[in-house]
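> Sequence:
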Amino acid sequence: MIQLSILRNDPKAIIEKLALKNFNASDPVDKILKCDEDRRIVQKTLDDNYAESNKIAKAIGEYYKTGKVQEANQLKETTVSLKENAKNLEEQLKNLEANLNSLLVQLPNPPHSSIKPGKTPEDNEIVYSEGEIPALPETAMPHWDLASKYNIIDFELGNKITGAGFPVYKGKGAKLQRALINFFLDNAIEAGFTEIQPPLMVNEASAYGTGQLPDKDGQMYFAQIDNLYLIPTAEVPVTNIYRDVILKEKDFPIKNVAYSSCFRREAGSYGKDVRGLNRLHQFDKVEIVEIQHPDKSYETLEEMRQYVCGLLRKLELPFRVLKLCGGDMSFTSALTYDMEVYSAAQKRWLEVSSVSNFESYQANRMKLRYKTDDGKINFAHTLNGSALALPRIVASLLENNQTEKGILIPKALVKYTGFDVID
RNA sequence: GGAGAGAUGGCCGAGUGGUCGAAGGCGCACGCCUGGAAAGUGUGUAAUCGUCAAAAGCGGUUCAUGGGUUCGAAUCCCAUUCUCUCCGCCA
Numbered sequence: 001m002i003q004l005s006i007l008r009n010d011p012k013a014i015i016e017k018l019a020l021k022n023f024n025a026s027d028p029v030d031k032i033l034k035c036d037e038d039r040r041i042v043q044k045t046l047d048d049n050y051a052e053s054n055k056i057a058k059a060i061g062e063y064y065k066t067g068k069v070q071e072a073n074q075l076k077e078t079t080v081s082l083k084e085n086a087k088n089l090e091e092q093l094k095n096l097e098a099n100l101n102s103l104l105v106q107l108p109n110p111p112h113s114s115i116k117p118g119k120t121p122e123d124n125e126i127v128y129s130e131g132e133i134p135a136l137p138e139t140a141m142p143h144w145d146l147a148s149k150y151n152i153i154d155f156e157l158g159n160k161i162t163g164a165g166f167p168v169y170k171g172k173g174a175k176l177q178r179a180l181i182n183f184f185l186d187n188a189i190e191a192g193f194t195e196i197q198p199p200l201m202v203n204e205a206s207a208y209g210t211g212q213l214p215d216k217d218g219q220m221y222f223a224q225i226d227n228l229y230l231i232p233t234a235e236v237p238v239t240n241i242y243r244d245v246i247l248k249e250k251d252f253p254i255k256n257v258a259y260s261s262c263f264r265r266e267a268g269s270y271g272k273d274v275r276g277l278n279r280l281h282q283f284d285k286v287e288i289v290e291i292q293h294p295d296k297s298y299e300t301l302e303e304m305r306q307y308v309c310g311l312l313r314k315l316e317l318p319f320r321v322l323k324l325c326g327g328d329m330s331f332t333s334a335l336t337y338d339m340e341v342y343s344a345a346q347k348r349w350l351e352v353s354s355v356s357n358f359e360s361y362q363a364n365r366m367k368l369r370y371k372t373d374d375g376k377i378n379f380a381h382t383l384n385g386s387a388l389a390l391p392r393i394v395a396s397l398l399e400n401n402q403t404e405k406g407i408l409i410p411k412a413l414v415k416y417t418g419f420d421v422i423d
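Going by my numbering, the letters in the first sequence line up with residues 1 to 423, in that order.
In case anyone wonders, no lab produced these hints; they're calculated from the structure. Be careful, since some hints might not be right.
Unchecked claim - DSS-like cross-link-like pairs, simulated, lysine-lysine; straight-line CA separation at most 25 Å:
| hint | residue 1 | residue 2 |
| --- | --- | --- |
| 1 | 149 | 255 |
| 2 | 149 | 411 |
| 3 | 411 | 116 |
| 4 | 248 | 323 |
| 5 | 323 | 367 |
| 6 | 250 | 116 |
| 7 | 371 | 248 |
| 8 | 314 | 175 |
| 9 | 94 | 367 |
| 10 | 314 | 347 |
| 11 | 65 | 55 |
| 12 | 323 | 255 |
| 13 | 87 | 44 |
| 14 | 250 | 314 |
| 15 | 250 | 367 |
| 16 | 216 | 55 |
Claimed, not checked - Distance ranges between label pairs, derived from CB positions:
| hint | residue 1 | residue 2 | range |
| --- | --- | --- | --- |
| 17 | 48 | 266 | 32 to 42 Å |
| 18 | 306 | 265 | 26 to 36 Å |
| 19 | 48 | 248 | 30 to 40 Å |
| 20 | 12 | 77 | 30 to 40 Å |
| 21 | 67 | 38 | 26 to 36 Å |
Treat the numbers as computed from the prediction; the structure is a model and nothing was measured. No residue lacks a Cβ here, since even glycine has one placed at the ideal position from N, Cα and C.
Construct the entire structure; sequences and hints are all you get.
Written as structure tokens, this is what we have:
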């Protein structure tokens, strides 16, 4: 969430930046400033009230000690109105604070100064591309057909056991999944990330901390009986490790990597976008999460981007990097790169990674801070990225590498799969 | 799931109604000591809100969370959450 002090200092700048995300903030910002002002007035009055009460209480204590019971009893009467007043003010303050918070939480993260306006994915800027788009014969199959031809992914079986969007991986398909997970984890560890195995369910505070709540309520599976959410990404539990934590400057950068299954309701998705592996309710992903000093977070973002590109290169997939326009960015991000691979039979680009800098937006929500050497406390910056999400990688591997002899496994993966062709 | 015990600062731990944001220890930081280190020794060491341009200062809040009793609560009462022990169940 946006820091109130920043908003107070320059509300206009925030409104202008949020307009890039096609978010009209002038009305909520007005409300916030008004609410904040009221809050401070009430707070001051209440503080004075408390100060007075404290004084009286101490005086009564003194009287009792010296045996002046009468004086004490007299003083007691003066506290009646103070107490009543305090009760009133407390109520007001509570309401104002709740109100203020709920307003603040509804403001998206203002985008980085380099972000261009835009409304749709077409407005995203292609900042890099690499690799040859393979020329497949007419008879080339999309991955869902290949999956059943080689009996490696069974969508129908998933329907039976659970429902649409929960495929079953079998034989070499299952092994390929495992190989990719290990490949991604090993690469990350080599690059200095610490492996984390997080819980797959989180409580409300965690979902709120990374910004899934309240914005994306309804996109997460929710176990009502225990009040727990199935994670949509490992970002949620891993970043929340640092909720309510005050780091030291020397702790930076914190680099974590986690493999997890991810669960998304994807309410409202339909059509060919969701065919096969393109969009699932449950999928596997290796996620990298970094906590960094504010001065270095954009440096880190570039490193993360390069790191992800390196993975795609090793997998020999044609890919491109998009810098998202304001309108296509997520609620919580300040700058996002999307990595897309080309899936040659579908003839379309598939997003396989999204690398973002959230600056202090998540940190403010979850009170993730650091102490400078001279004792000041600031919010840290949080970043994360997929490295990588499996299903669409599998989709493009299957489609791009299909040959008459079968599906060829990229060299870098063979030591993980133990086979070099799916036939 | 049943019975019991508990939750205090970065950690351990004292504190059963007033002067307690909280003894003591550990840790940490800085200094002294030392050729250097260890040991020893001295000092300091929570967060948050408000006031202020800012700092200092001042005022408020915080001893799991939320309510209550009281002039006054870490301390008493109630609820919730979590942890531990025992029993039950179980990968």
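> Hints the structure violates: just list their numbers, smallest first.
1, 3, 4, 5, 6, 14, 16, 17, 20 and 21
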